Amino acid sequence: MSNSTTIAPDPVEILAPAKHWQGQSVPRKEDKRLTQGQGVFVDDVKRHGMGYIHFVRSPYAHANIVSINKSKAEEIKGVYGTLTGEEVASLTDPFFQLSTPPGAYLEDYALAVGKVRYVGEAVVAVVAETRELARDASELVEVEYEPLDAVVDARVAQEANAPVLHEKSGSNLMWEGIYEWGDLDAAFAEADRIVKIKELHFHRFNSTPLECDGALVEYNRGTGQWTIHTNNQFPGFAQIMMGPAMRTGLDKLRFVTQDIGGGFGNKITSHPQLVVCCLLSRKLNRPVQWTEWRTDFHLSMSHGNERWFQDTEVAVESDGTLLGFRTKALDDAGAWLRYEPLGGVIWAQVTPGVYKWRNIRLEFTQVATNKAPCSPNRGYSRMQHLWFTERVIDIVAHELGLDPVEVRKRNYVKTEDMPYETPNGCVYDSGDYAQMLDVALELIGWNDTARKKEEAAARGKLLGVGIGSTLDSGTNNFGQSRLINPELQFSGNNEVATVKLDIFGEIVVTLGTTPQGQGHETTAAQVVADILGCSFDDVHVRAGHDSYWNSHAGFSGTYASQFAVTGLSAVKGATEMLAEQIKRLGSVILGGVPVDALELADGFVRIKDNPEAALPFMACGAIINANNAGLPEDLDVTLNCRYVYRPPFQVPDVERKFGNLTLTYAAQIHAAVVEIDPETGHYEIVDYAAVDDCGIRIHPQIVEGQVMGATAQALGAAMHESFEYDDDGNLLTPNFYDYHVPHAMDMPPLQTGYIESPSPFTPLGTKGMGEGGGAGIHAVCAALQDALRGHGDAIVYDSWNPYKRVWELLQHPERARALVEVVDA
Amino acid sequence: MDITVTVNGVEYEREVEARKLLIHFVRDDLDLTGSHIGCDTGNCGACTMIVNGQLVKSCMLLAVQADGATIETVEGLAEDGELTALQQAFSDHHALQCGYCTPGMLMSATALLRASPSPSDEQIRKALQGNICRCTGYWNIFEAVRAAAK
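These protein sequence lines are chains X and W, in that order. The opening residue of the first sequence carries number 1 in this note's numbering; numbering runs sequentially from there. The opening residue of the second sequence carries number 1 in this note's numbering; numbering runs sequentially from there.
I should point out that these hints are in silico values taken from the structure, not numbers from a laboratory. Being a predicted model, the structure only gives us computed values, none of them experimental.
Listed next, the in silico EDC-like pairs over lysine to aspartate or glutamate satisfying Cα-Cα at most 16 Å (straight line):
no., chain 1, residue 1, chain 2, residue 2
1, X, 32, W, 80
2, W, 126, X, 746
3, X, 32, W, 92
4, X, 32, W, 75
5, X, 32, W, 79
6, W, 20, X, 136
7, W, 20, X, 129
8, W, 20, X, 132
Across the chosen pairs, the derived CB separations fall in these ranges:
no., chain 1, residue 1, chain 2, residue 2, range
9, W, 118, X, 724, 37 to 47 Å
10, X, 105, W, 14, 51 to 61 Å
11, W, 67, X, 602, 52 to 62 Å
12, X, 49, W, 13, 16 to 26 Å
13, W, 14, X, 222, 31 to 41 Å
14, X, 49, W, 1, 21 to 31 Å
15, X, 487, W, 81, 54 to 64 Å
16, X, 808, W, 13, 58 to 68 Å
17, X, 548, W, 1, 39 to 49 Å
18, X, 808, W, 11, 56 to 66 Å
Among chain X residues calculated to face chain W with C-beta under 7 Å, some are:
no., residue
19, 31
20, 34
21, 35
22, 44
23, 294
24, 701
25, 705
26, 708
27, 709
28, 711
29, 712
30, 743
31, 747
32, 750
Glycine residues also receive a C-beta, built at the ideal position from the N, C-alpha and C atoms.
Just chain W, same shape as in the assembly:
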């Protein structure tokens, strides 16, 4: 099937197998490898993207379902290499170690801060509940999101 998607402001037109997952499409066909795969079952959130303004685990969506969609991935956060406040806070607060969960974590936190610029601690924890990190124990991630919040 032919689909058209706009990812981080760039329009892509591609032929795609009907069964292909959105995450595999973005990683393998568009070569945007910032979003990762950690579980295959929708648990880990490493593949989290913002699709039409909504937070989505992109392993839970077929590429064809994203036809016509506007997609944001981690590669689209920084502009001209200038880190967003959230990305900078992740570095400042050592909220990442191996960095594998980080793209999904950043997308979840970005969506949270858009919806709630000054979230409570409980909101932060809930917003990150769908993203697994095995390195940090989350504590520094909470700190980073708090710091980036207004």
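Chain X with its partners taken away, still in its complex shape:
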């Protein structure tokens, strides 16, 4: 292995303007409409004569489609028409596959063609005058199936005699790759002890945004253009999936969003349904509307990656110094690769977690199973890997008789080592994990733990404390996709903003992003107001995304913890351009004073030494837009500025799987205190702290809100939420009865804390944030394992720990104990 290093981005000199609005928790601009029910969500968009789509879905996990008879449905008055997989296959090409073979051989269409591969897969679409009629008519579509054996366990899917989902791929293997950095042999030779963990399992769930997916699609026959009102959160990705499949240019796919009812990554891969909407709106010559039902979402949309970690070995010194690990990650992609196999590389953004180990080998294998397709879910792929590293830390600590807090502190990457290059060439930009841990421990009263344990024991309860350390890597270098498939021509990242000064002095900002509650209108206005020296209230940020505005680029959207970097840097760039243009205009109008002698303040451009000599923004806007005769010919001022922010990235080294995969590394350290009732396995979180570091905070309240939301989702996932399937591939949790998300009564007490380690690589010192890496899952698992010490010493081997599993860990600790072994090296 070569020792050459990544070229870290040059630190950005932060020339902050006099900050007035940034750093303040100003009232969100979005709130006025959203608290009055005046938001416009996708299901609120209506058109004259529109038809409602309902999908006929597979009741089988795996079956051949023998025949489809839709005549009874089509005969009903008010049914406008239908679409089948056969028609889709004739009108479109299969979606482009990101994978190399064998995953590359998948033929994925917008509707099932010839065969169904999971319960809930869409087979036929029916359009009718009302949603009720569309649903009724769907019942009359007769689909004859020939059931096949299903496979729902990734481990079984690998076996030679397993049912095969995709015949052209030859087996259920979709993608595999070996990642190795450092010198594993040396690390294991040097180690005092080797901790072996046979199997760990990260379960399947997702963030279940309260608003399901949807679209209203209109087709313009004259121009051949579709207007797609939707809540898809990554239009750039949807477009490049849809355009080639539909044999159309991207200019024909106009995406419009306004308010989106939560996304969390789960609204990235709705492109199959959007294709169905497009084809139907053209076929039926009328607008069509699709709103996903809750059960349809659970059955078919964007499950989080389920992952097994097998045959893990950890090289460790007696004092708890971690030298390296090797493991085999087996990832269950579900039935289709809709964003996968990107999960096979995204984890590598955080290869060593927050720890200093330098020698790592991970064999990644992704297989298909007869379950819903996986796609990004808050913390996408890093969450699984960080859960694994945190489990390893706690298991190593407990098995070696060490304190998990001490082992963490011993092995954390230190603040003096920042920027820190990981074994695979990622650069952790800044941070102080040990300090964050101290804050978290203080918040939960760590020093008093022994007394609390005794006190709980006196009440018959087992008390445990656990830490979850995570990274929220943000601003992707899409070049990492080449580690999956060297043929892919993606790299870098970008985001766009436009800022203009209009006739009456209106400052209008347009973003390429598709926010789902992150408050982009607010934070963008804060940045603009500080640079232009005007009031936050005078900045108007357009709500949502419209690809007609030319304010987007290939990677535009809202996903993967990046707005505070990509979005706000674009806003900053465009606003600085505008500020400079206002000054140049001011220079002309104010009699040729040098630009340097001017400043922007209080909505005026004025002479610094003579503030009375000032031109209001309103006059600037009016002159350029409507009263421009006589201006100098060479005055290149439009007062309408577009800026594309492009983060400083290189294409990673594909051979060595080495390079900087993300620009910023926000961090979270969580601490949980649980109390278990050993009689039943029931447990409660009695104290909880979440400490966040995302660099400079533009709006502290929004940051804290993201921390809280990510925590709540993690606690739900740790304790309750799981997409569970039976052996026949039936989803057992297809609605909010069976899939229990946290309710008001479930919430434990929460304390939040923060530190601010500015990123040296971003124009505002910010870091993307919001995903939180699932720190709550790690912390709850750690706390449970701590509580079980001395009560059978079970290790916590699964990310999902409902009461019944905790009861099992107490009743049969030997089963979990069998998964772990410590040997002297």
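Position chain W against the provided structure of chain X, taking the given hints into account.
Below, chain W without anything else, positioned relative to chain X:
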């Protein structure tokens, strides 16, 4: 069937299919889209309204059952664009992110504060138990309701 309802003080007379849910009637026929749909099973509370003074998940009621009813929805809370104390508290305390659950949440909290102007923390949690929020983790919502309470 013909039904008459009064929503936020306005009387509407409409012909409605017997099977149509109240939430679909209000959203699609009356074009009052502030109330939302998040689950179809009565779990999430995004469609919560006050019907004849009683808190109701409007996906659990047929439109025809509301014939003659007086209905309050989120659109009726603010008067002339002036936010109620509760709405303002939601904004002040960042009790909403995406805003999708917010209309139902506001209706549940409004009903609570009418019945118990100074609720205990436990009462607040119980009152919001039927409303799912996936963005906030509820903590800031509790804060907002506390702040709006007398």
